[in-house]
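Chemist: Sequence:
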Amino acid sequence: MQTKFSLPETHPEFRLNGLHYNNEELAAVAYSLIKEGEPYEGQAGNFLLDWVNDKEYIEVKTSGSTGPPKRIPIKKQQMINSARATGKYFELGPRTTALHCLPVNFIAGKMMLVRAMLLGWKLDLELPKANPLDRIFKTYDFCAMTPFQLDNSLSRLHLIKKLIVGGGAVSGNLRNLVQGINTEVYETYGMTETVSHIAARHINVKEKKMEDPLPFSTLPNVKIDVDDRSCLVIEAPQLNDETLVTNDVVEIVSENSFIWKGRIDNLINSGGVKLHPEEIEVKLAPIIAHRFFITSLPDAALGEKLVLMVESQFSEVALNNLEREIKACRKLGKYEIPKKIYFVEKFEETANGKIHRANTLKSRMN
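According to my numbering, the stretch in the sequence shown is residues 658 to 1023, in order.
By construction, these hints were calculated from the structure, which means they are not laboratory data. Be a bit skeptical, because a hint or two may be false.
Result set (PhoX-like, lysine-lysine): computed pairs, CA atoms no more than 20 Å apart in a straight line [as the list claims (entries may be wrong)]: (1) K661 <-> K727; (2) K1011 <-> K996; (3) K962 <-> K996; (4) K918 <-> K984; (5) K1003 <-> K984; (6) K1019 <-> K962; (7) K918 <-> K1003; (8) K996 <-> K727; (9) K880 <-> K818; (10) K786 <-> K1003.
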């Protein structure tokens, strides 16, 4: 017989903006955040009300990066299991000082609150924006950001001791920029269905030559495999009742590590040659200063031709310079050189700030 879920009491060391709250008091502070706080504080208030109600699950919105956003139920016990796994993997115990700068209407933002409540962190809520550290004047043990936020926070990253980055791939250029800094920076792999991350990789290990490509290591109690498409299969019963079959093409390195190659949705078959845009983007990152991505367009001869989209204003000089640099890039194979380059003033984005490749391409072609 299945036992009824009982919500654990908040940890005695838990602090939210400097004050401790037990479960009963959380409802009152949630109403206060909704009624009197900024919109981002209201999001936190709404989640806290859902957290302390008598339901066994939370409804969570997916990001919409690989399809239309949808709402899915996640058990609170699975969120608790995820929080504990994160605490163990990253060695984040009671009294950890943490900065919360992510939108709470997505899983990553919700999980920062759950970790704080369960593990006894001292959590400060900050406005989720492009440069969340610009008004911060104290040091934190831990923080979670998107790649875009990290890119805009490099000059003040010394205020964070340990940082996880998720919600999108960390570009090769951004990885280069965090080398040599004291902050421990980890890129994470996960999704809403896995209750945030299930794997991570330390992308700026001191005094160690970085492997390329760099493998992800799984968190505790996560088993991995691949299907016949070479896509990652995740078995994590503490986080999801079902085995998850992803659309992420990977190479299994060991029973608890894998190399992410790209999404099968983005796979390009150009004249019979299979190309992973994400792998090509890593090679192009050092020579392109703006946001960009590789995609394809129909081609009568090749089936699909490789194209490069760059977020920048068009100029003939910029185009010629970029074409010259790409041709001189020795890392690129002959099939990896884009057949066409398009400049787009502003990329289309999903609700949580990821580049929406399909919509961007569509808007440029119309």
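Chemist: Does each hint hold? Answer for all of them.
Modeler: Each hint, compared with the structure:
no., hint, result
1, K661 <-> K727, "27 Å, violated"
2, K1011 <-> K996, "25 Å, violated"
3, K962 <-> K996, "6 Å, holds"
4, K918 <-> K984, "23 Å, violated"
5, K1003 <-> K984, "25 Å, violated"
6, K1019 <-> K962, "15 Å, holds"
7, K918 <-> K1003, "26 Å, violated"
8, K996 <-> K727, "36 Å, violated"
9, K880 <-> K818, "29 Å, violated"
10, K786 <-> K1003, "18 Å, holds"
Going down the numbered hints, you'll see the structure goes against 1, 2, 4, 5, 7, 8 and 9, while the others check out.
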